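Chain V: place on chain D using the hints.
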Amino acid sequence: MSKDPSGVPIAEPVTSGPGIVRLHERVSGDLRKNFREVLIEERVGEFTPDLVIRHGGHVTVVEVKTGDPTMPLPSSANVQMLILKDGVRKWLGEEVVPVLVTNYRIDEADQKEMADSGIKIIAIQGLNYDSKSLSKKVSEIVEVNPSLSSNSILESE
Amino acid sequence: MYCEITIRHRRPIKPDDLKSAIQQSFGNGIPLNQAYARSAIYGVMPPPASIFAFDLARNCFVILRKVSNVRFSTYHLEGTDRTVSVDTMLHAVQEFSEQITAELRGKTLGSDCRVRSLTVQLFEDNGRETGMEGKPVTLGSVFKEKFAWREIAPAVTAFATALLLIWRGLNKEPKQAVFYSLLIVLVFALGDTVAGYWWGRDSMKWSLRQN
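Listed in order, the protein sequences are those of chains D and V. Going from the first sequence to the numbering used here is simple: count from 1 and add 343. Going from the second sequence to the numbering used here is simple: count from 1 and add 26.
Rather than coming from a laboratory, the hints here were simulated on the basis of the structure. All values reported here derive from a predicted model rather than from experimental measurement. Heads up, some of the hints might be wrong.
[Stated by the list, open to error] DEER-style ranges, computed between Cβ atoms:
1) Arg432(D) <-> Asp218(V): 48 to 56 Å
2) Arg375(D) <-> Asp218(V): 33 to 41 Å
3) Gly217(V) <-> Arg365(D): 21 to 29 Å
4) Val182(V) <-> Arg432(D): 55 to 63 Å
5) Ser460(D) <-> Gln125(V): 27 to 35 Å
6) Gly217(V) <-> Glu437(D): 55 to 63 Å
7) Asn54(V) <-> Glu380(D): 49 to 57 Å
8) Val220(V) <-> Arg365(D): 20 to 28 Å
9) Gly217(V) <-> Lys376(D): 34 to 42 Å
10) Thr106(V) <-> Ala452(D): 23 to 31 Å
11) Asp429(D) <-> Thr114(V): 28 to 36 Å
12) Ala452(D) <-> Asn85(V): 29 to 37 Å
13) Arg365(D) <-> Glu150(V): 16 to 24 Å
By construction, the Cβ of each residue, glycine as well, lies at the ideal position given by its N, Cα and C atoms.
Isolated chain D (complex conformation) (with noise of 0.2 Å):
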């Protein structure tokens, strides 16, 4: 950051990071060819997940975050997550488990703090992730949905 001519601060460089916006397209778009025919399309609200997924009675809603993979997970992810999974409960009128599929750092506060809210994380890789093994991820959580248990990060890679 830095000051123009005349003093005044200028927020530079804000950029747009490359790989962010395409790597998180890539696997929102990689998850609904895979799950096409449990999506529910309709969307209500500011607050709207990147997938809502029904299936065998259960609804799993995912969202993906992706960014700088050096970073910590965003501090509001928590939340970000807590309001899609009230917002998809209250519309749909049925329990609903929140999935993020992120490629930032995560730490055992964040694993613990998501587990905690009944949040599932499954860490992907960088451009180079495997898509077939993040569907079985997803997958294995939307079949046993709601009865999985586990607190420990999935890896999809």
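Below, chain V alone, put in the same frame as chain D:
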């Protein structure tokens, strides 16, 4: 919209030490529940825990959200209401970043807590990344920018041309020298084209319409 500022510290940092340093430096503390109520996202649902909140100039406020991975501290910065523009918020981010970097340089917490890197991410009110990211200008970042291929390519082309002409002994053969010069430029342009296509083939190039 809101920003999250993530600081990577040089050494592990204790949340209490950081809190007391920030209290001394920034003052203007506000209750956490009051800060949550002002926030677009935390107003909907407050987070389970935060460390400290305080007011900033430009009608913005900061919540010290957490110290994670021991070396990272995360700050939520947002306007006190919707009338605060993104431009104003980014000015507040810059001022806050400069101030906290200076404070952590050693005045209060000692050199262990110095800032190794600082990253600002801009989020939508619903918690989604906008894809906008800011980092302070450093000697390293300027060096990287100035020594990028697009900056030094013309000089490298001229150097390669001169080297070839000297090597082939063509300084007295103007026709061949011109031919070789052109050849070098074409080879570089072709290489640049292939590389540009290879790296940019999955992306969209935006430009401003002229009419």
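Each hint tested on the structure:
1. Arg432(D) <-> Asp218(V): 48 to 56 Å: Check passed, 54 Å falls within 48 to 56 Å.
2. Arg375(D) <-> Asp218(V): 33 to 41 Å: Holds - the Cβ-Cβ distance for Arg375(D) and Asp218(V), about 37 Å, lies within 33 to 41 Å.
3. Gly217(V) <-> Arg365(D): 21 to 29 Å: 25 Å, holds
4. Val182(V) <-> Arg432(D): 55 to 63 Å: Roughly 60 Å apart at Cβ, these two residues keep to the hinted range, so it holds.
5. Ser460(D) <-> Gln125(V): 27 to 35 Å: 33 Å, holds
6. Gly217(V) <-> Glu437(D): 55 to 63 Å: 58 Å, holds
7. Asn54(V) <-> Glu380(D): 49 to 57 Å: 54 Å, holds
8. Val220(V) <-> Arg365(D): 20 to 28 Å: Holds, since Val220(V) and Arg365(D) (Cβ atoms, about 21 Å apart) stay within the stated range.
9. Gly217(V) <-> Lys376(D): 34 to 42 Å: Between Gly217(V) and Lys376(D), where Cβ atoms are some 37 Å apart, the hint holds.
10. Thr106(V) <-> Ala452(D): 23 to 31 Å: Given range 23 to 31 Å: holds, Cβ gap about 28 Å.
11. Asp429(D) <-> Thr114(V): 28 to 36 Å: Given a distance of about 31 Å, which is inside 28 to 36 Å, the answer is holds.
12. Ala452(D) <-> Asn85(V): 29 to 37 Å: Holds - the Cβ-Cβ distance for Ala452(D) and Asn85(V), about 31 Å, lies within 29 to 37 Å.
13. Arg365(D) <-> Glu150(V): 16 to 24 Å: 18 Å, holds
Violated hints for the displayed structure: none, as all numbered hints are satisfied.
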